[in-house]
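**Q** Chain by chain, the residues:
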Amino acid sequence: MFTRMNEIDRMFGAMDLLRTKMDRLFNEMDRPYLHRPAFTLSTNAPRINLLENGDKFEVRAELPGISKDDISIKIQGNYLEISGKREIETPEGFKPHRKERSATTFSRSFTLPDEVDAEKVNAALKDGILYLTLPKSEAAKPRQIAVN
Amino acid sequence: MTDSKYITRTENKAIEKTRELKTATPSVDIYENDNEILLYADMPGVHKDDVTVNIENGKLFISGIRRLDHQGVSNWAEFVDVEYVRSFSIPQSIKVKDVAAKLKDGILTLHLPKSEAAKPRLIEVTAA
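Taken in sequence, the protein lines are chains A and B.
With the numbering used here applied, the first sequence corresponds to residues 1 to 148, in that order.
With the numbering used here applied, the second sequence corresponds to residues 149 to 276, in that order.
Heads up, some of the hints might be wrong.
Example chain A residues on the side facing chain B (calculated, C-beta under 7 angstroms, incomplete) [unchecked claim]:
| no. | residue |
| --- | --- |
| 1 | R47 |
| 2 | I48 |
| 3 | N49 |
| 4 | E52 |
| 5 | N53 |
| 6 | P64 |
| 7 | G65 |
| 8 | P91 |
| 9 | K95 |
| 10 | H97 |
| 11 | K99 |
| 12 | R101 |
| 13 | A123 |
| 14 | D127 |
| 15 | I129 |
Label pairs and their computed distance ranges (CB to CB) [unchecked claim]:
| no. | chain 1 | residue 1 | chain 2 | residue 2 | range |
| --- | --- | --- | --- | --- | --- |
| 16 | B | S235 | A | D55 | 42 to 48 angstroms |
| 17 | A | E81 | B | I271 | 55 to 61 angstroms |
| 18 | A | D16 | B | W224 | 57 to 63 angstroms |
| 19 | A | R98 | B | N202 | 16 to 22 angstroms |
| 20 | B | H218 | A | Y79 | 22 to 28 angstroms |
| 21 | B | A275 | A | S102 | 50 to 56 angstroms |
| 22 | B | T171 | A | S102 | 20 to 26 angstroms |
| 23 | A | S83 | B | K267 | 30 to 36 angstroms |
| 24 | B | D197 | A | L18 | 35 to 41 angstroms |
| 25 | A | T105 | B | K196 | 27 to 33 angstroms |
| 26 | A | R108 | B | N183 | 39 to 45 angstroms |
| 27 | B | S263 | A | G93 | 18 to 24 angstroms |
Hints in this document: simulated from the structure, not taken from any laboratory.
All of these numbers come straight from a predicted model, not from anything done at the bench.
All residues carry an ideal CB built from backbone N, CA and C; glycine is no exception.
Model the full structure from these sequences, guided by the hints.
**A** Have a look at this one:
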């Protein structure tokens, strides 16, 4: 009898595993781009995350090995454009075996959900990721409404 | 709805242990000259302390974990926390103790120096 229970146990365990896998499949169905390497030849643009944090937006972009001089950021109202170029220097006197990283120029533009204050935008580059903090403009900021 | 609708307690030991993070393959460039093999790998967002470089029995294994802080509501996400994993076969002639690794701007640079015996040598021809 107890061996039977153990078998049932195992069966449920396997079903549980299958269910987790199915869950994951559905979550990622519309996001096949999540795990590809940055800057592949097919996607000639950096990948971007957009977070909304109260009165500011935060944009992160994967820009490995790109110096801050090669990135240009344009903001106008709720329009944001990130462009730049990536240079791959071949070391002197070496012969290549494999070249998967490619030199490229890129440009991506977005319409943000709200207007941002272009004067107060802060951009930082750390570990190959660009962190953009975009405070919303006064008109778009959330407001506390007092109840009478 | 709760998750606990099992008739019996599920046993975790029957299930294979999976990684905590999804894995991603970093793009690499590999160069070679007479003295060393040079490897570049794109690992954006990985901190220096989260990189592991392991050389064992002719296998080079690199791993880098990216942990981003998630504050606020995600409106649009194209990249997530991942573990960059890739392994290579390397010749036995690599001087393992002299391997140098550097991480800058999300790019891992690995210098794999060759041992003296493996370096190309020009043999002088002498008249007999």
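**Q** Please name the hints from earlier in the document that this structure breaks, with their numbers sorted from lowest to highest.
**A** 13, 18 and 23
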